[in-house]
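Undergrad: Chain by chain, the residues:
There are 2 protein chains.
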Amino acid sequence: MKLYDNAFAPSPRRVRMFLAEKGLSVERVEIDIASGANSRAEFLAVNPLGEVPVLELDDGTRLTESLAVCRYIEALHPAPPLLGESPLEQAQIESTVLGLMFRLYVPTTHAFRHTHKFWQGRIPQVAAYGELARQQVLAEWQRLDAQLATSTFIAGERFSFADIVAFTTLEFGKVAGIRPQPAQTHLLRWREAIAARPSAAA
Amino acid sequence: MKLYDNAFAPSPRRVRMFLAEKGLSVERVEIDIASGANSRAEFLAVNPLGEVPVLELDDGTRLTESLAVCRYIEALHPAPPLLGESPLEQAQIESTVLGLMFRLYVPTTHAFRHTHKFWQGRIPQVAAYGELARQQVLAEWQRLDAQLATSTFIAGERFSFADIVAFTTLEFGKVAGIRPQPAQTHLLRWREAIAARPSAAA
Numbered sequence: 001m002k003l004y005d006n007a008f009a010p011s012p013r014r015v016r017m018f019l020a021e022k023g024l025s026v027e028r029v030e031i032d033i034a035s036g037a038n039s040r041a042e043f044l045a046v047n048p049l050g051e052v053p054v055l056e057l058d059d060g061t062r063l064t065e066s067l068a069v070c071r072y073i074e075a076l077h078p079a080p081p082l083l084g085e086s087p088l089e090q091a092q093i094e095s096t097v098l099g100l101m102f103r104l105y106v107p108t109t110h111a112f113r114h115t116h117k118f119w120q121g122r123i124p125q126v127a128a129y130g131e132l133a134r135q136q137v138l139a140e141w142q143r144l145d146a147q148l149a150t151s152t153f154i155a156g157e158r159f160s161f162a163d164i165v166a167f168t169t170l171e172f173g174k175v176a177g178i179r180p181q182p183a184q185t186h187l188l189r190w191r192e193a194i195a196a197r198p199s200a201a202a
Numbered sequence: 001m002k003l004y005d006n007a008f009a010p011s012p013r014r015v016r017m018f019l020a021e022k023g024l025s026v027e028r029v030e031i032d033i034a035s036g037a038n039s040r041a042e043f044l045a046v047n048p049l050g051e052v053p054v055l056e057l058d059d060g061t062r063l064t065e066s067l068a069v070c071r072y073i074e075a076l077h078p079a080p081p082l083l084g085e086s087p088l089e090q091a092q093i094e095s096t097v098l099g100l101m102f103r104l105y106v107p108t109t110h111a112f113r114h115t116h117k118f119w120q121g122r123i124p125q126v127a128a129y130g131e132l133a134r135q136q137v138l139a140e141w142q143r144l145d146a147q148l149a150t151s152t153f154i155a156g157e158r159f160s161f162a163d164i165v166a167f168t169t170l171e172f173g174k175v176a177g178i179r180p181q182p183a184q185t186h187l188l189r190w191r192e193a194i195a196a197r198p199s200a201a202a
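Protein sequence lines, in the order shown, are assigned to chains A and B. In terms of the working numbering, the first sequence opens at residue 1 and continues consecutively. In terms of the working numbering, the second sequence opens at residue 1 and continues consecutively.
Incorrect hints may have been included.
As the list claims (entries may be wrong) - Facing chain B, from chain A, some residues (calculated, C-beta under 7 Å):
hint, residue
1, 63
2, 65
3, 87
4, 95
5, 98
6, 128
Unchecked claim - Below 25 Å or equal to it, Euclidean Cα-Cα: the simulated DMTMM-like pairs (lysine to aspartate or glutamate) are:
hint, chain 1, residue 1, chain 2, residue 2
7, A, 117, A, 30
8, B, 22, B, 192
9, B, 22, B, 157
10, A, 22, B, 85
11, A, 22, B, 89
12, B, 2, B, 27
13, A, 2, B, 89
14, B, 117, A, 131
15, B, 22, B, 85
16, B, 174, B, 131
17, A, 2, B, 85
18, B, 22, A, 89
19, A, 2, A, 30
20, B, 2, A, 85
21, B, 22, B, 89
22, A, 174, A, 140
23, B, 22, A, 85
24, A, 2, A, 59
25, A, 22, A, 171
26, A, 117, A, 171
27, B, 117, B, 131
28, B, 174, B, 145
29, A, 117, B, 131
30, B, 22, B, 56
31, B, 2, A, 89
Worth flagging that the hints you see were computed from the coordinates, not collected in a lab. Glycine residues also receive a C-beta, built at the ideal position from the N, C-alpha and C atoms.
Isolated chain A (complex conformation):
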């Protein structure tokens, strides 16, 4: 297996953390997004959408979207379970992950794209919308802080892919000026616990 990857983007980092938690390592191919390598013909032949991560299997089959990539890896390497064991647990973790994607990850990327200098001249920016997205993200972290008052991890008492999605999104949020607030003690406790896991360095 081979992972088309990028060291700074949040989605491929989810896959690297997932692999590290499983004790797996795969060949990595770094795609330099900052210099536009993801938009050049060589990579567009791998993924016409120009997005990482892409997991390439030994027979050449390619999988995209971090959750789908991780679900495939989990099927081959079930231990430790990071996407749930029973059908109900699996649905609950998937529900939590999708909620994080829609209410946290998408608006974080939008806040970044619509307000950051990196994107000036590269895409049409609408700053007023970027600020709305940022406010939505801040409200969602506030909600998660309250939730983490009674829960060790994002999806309950066991570390899961939901923690990986939330942690990588929080780390990525810095580029859009989104950081946990000092009063968000539960969120800060959780972030420290996730950052201390060896997989956080992946």
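Given the coordinates of chain A, work out where chain B should sit on it, guided by the hints.
TA: Here is chain B on its own, set in the frame of chain A:
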């Protein structure tokens, strides 16, 4: 099982179509979003996020997010398979579904929310962003039209949950002025085929 539902929203419609394709029916509780019933205490006690669909199991456990709800139903009622059979098929369909959600469904809802009169005064609207979202959706349908030239269904030669997500999003797009173009003959052929399935009336 009981489904908290709304007749006009695209996400709960996915679950109704999924159930109909499986030949299943469950008790439905209509939540009148237009009159704000999803924001009132009675429903917030069911789902604090105020969103439908919610699948309530007989023991009171509640599941949100249409893809997670459908994955749970598929585990209990595997035939006909709508989320893939082998781990690879399951990952491929999940990847396709997530791509549709991020590149088609989310921007369709954003085009609706940021440009439609229904939302005036209810949420802060940024029309310039709504128009960008609409252009993104139109480009994505153009891409899918090309893809459907060589593929019977959205995720290949078999009907799947990906068709349900794409079809319900296309139908919902009308509210944001998004419609297939006469030249998109493959997209129109596919839409006609999905609309002719009994589940499309669900």
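Undergrad: Run every hint past the structure and note whether it holds.
TA: Tested hints:
Against a cut-off of 7 Å between C-beta atoms, the interface hint on residue 63(A) holds, since the closest Cβ of chain B lies about 5 Å away. Interface hint status for residue 65(A): upheld, as the beta-carbon distance to the closest one in chain B is roughly 4 Å, under 7 Å. A least Cβ separation of about 3 Å between residue 87(A) and chain B falls short of the 7 Å threshold, and the interface hint therefore holds. Annotation: interface hint on residue 95(A) holds; nearest CB of chain B at approximately 4 Å, less than 7 Å.
For the restraint placing residue 98(A) at the interface with chain B, the shortest Cβ-Cβ distance is roughly 4 Å, inside the 7 Å limit, so the hint holds. Checking residue 128(A) against chain B by beta carbon gives a least distance of about 5 Å; that is within 7 Å, so the hint holds. Simply put, residue 117(A) and residue 30(A) have alpha-carbon atoms about 24 Å apart, close enough for the 25 Å limit, and the pair holds. Our distance criterion of 25 Å between C-alpha atoms is met by residue 22(B) and residue 192(B), whose separation comes to about 21 Å.
For a cut-off of 25 Å, the pair hint linking residue 22(B) to residue 157(B) stands: about 18 Å separates their Cα positions. Between residue 22(A) and residue 85(B), the direct Cα distance comes to roughly 24 Å. Compliance with the 25 Å bound is thereby established for this hinted pair. Among the hinted pairs, residue 22(A) with residue 89(B) is consistent with the structure: their alpha-carbon atoms are about 22 Å apart, no more than 25 Å. Between residue 2(B) and residue 27(B) the CA atoms are separated by roughly 5 Å; this keeps the pair inside 25 Å, and the hint holds.
This hinted pair checks out: residue 2(A) and residue 89(B) have alpha carbons roughly 19 Å apart, not beyond 25 Å. Between residue 117(B) and residue 131(A) the alpha-carbon distance is near 22 Å, which keeps this suggested pair within the 25 Å criterion. Only pairs whose Cα atoms come within 25 Å are accepted, and residue 22(B) paired with residue 85(B) is accepted, the gap being roughly 15 Å. Between residue 174(B) and residue 131(B), the direct Cα distance comes to roughly 14 Å. Compliance with the 25 Å bound is thereby established for this hinted pair.
At most 25 Å may separate the alpha-carbon atoms for a hinted pair to count; residue 2(A) and residue 85(B) meet this at roughly 24 Å. Distance hint between residue 22(B) and residue 89(A) is fulfilled; the C-alpha atoms sit about 22 Å from each other, no more than 25 Å. Among the hinted pairs, residue 2(A) with residue 30(A) is consistent with the structure: their alpha-carbon atoms are about 11 Å apart, no more than 25 Å. With a C-alpha separation of about 24 Å, the suggested pair residue 2(B) and residue 85(A) falls inside the 25 Å cut-off, and the hint holds.
Taking the CA atoms of residue 22(B) and residue 89(B), the gap is near 19 Å; set against the 25 Å cutoff, the hint holds. For the given pair, residue 174(A) sits about 15 Å from residue 140(A) by alpha-carbon distance, which is consistent with the 25 Å threshold. Distance check on the hinted pair: residue 22(B) and residue 85(A) sit about 24 Å apart at the alpha-carbon level, within 25 Å; holds. Proximity of residue 2(A) to residue 59(A) is assessed by CA-CA distance (about 11 Å); at most 25 Å being required, the pair is judged to hold.
Distance hint between residue 22(A) and residue 171(A) is fulfilled; the C-alpha atoms sit about 21 Å from each other, no more than 25 Å. With a CA separation close to 19 Å, the supplied pair residue 117(A) and residue 171(A) stays within the 25 Å bound. Annotation: proposed proximity of residue 117(B) to residue 131(B) holds, straight-line Cα distance about 14 Å (limit 25 Å). Pair hint residue 174(B) plus residue 145(B) holds up; C-alpha atoms about 17 Å apart against a cutoff of 25 Å.
Restraint check: the Cα-Cα separation between residue 117(A) and residue 131(B) comes to about 22 Å, which is no more than 25 Å; the hinted pair holds. Taking the CA atoms of residue 22(B) and residue 56(B), the gap is about 18 Å. The hint holds against a cut of 25 Å. At most 25 Å may separate the alpha-carbon atoms for a hinted pair to count; residue 2(B) and residue 89(A) meet this at roughly 19 Å.
The structure meets every hint from the earlier list without exception.
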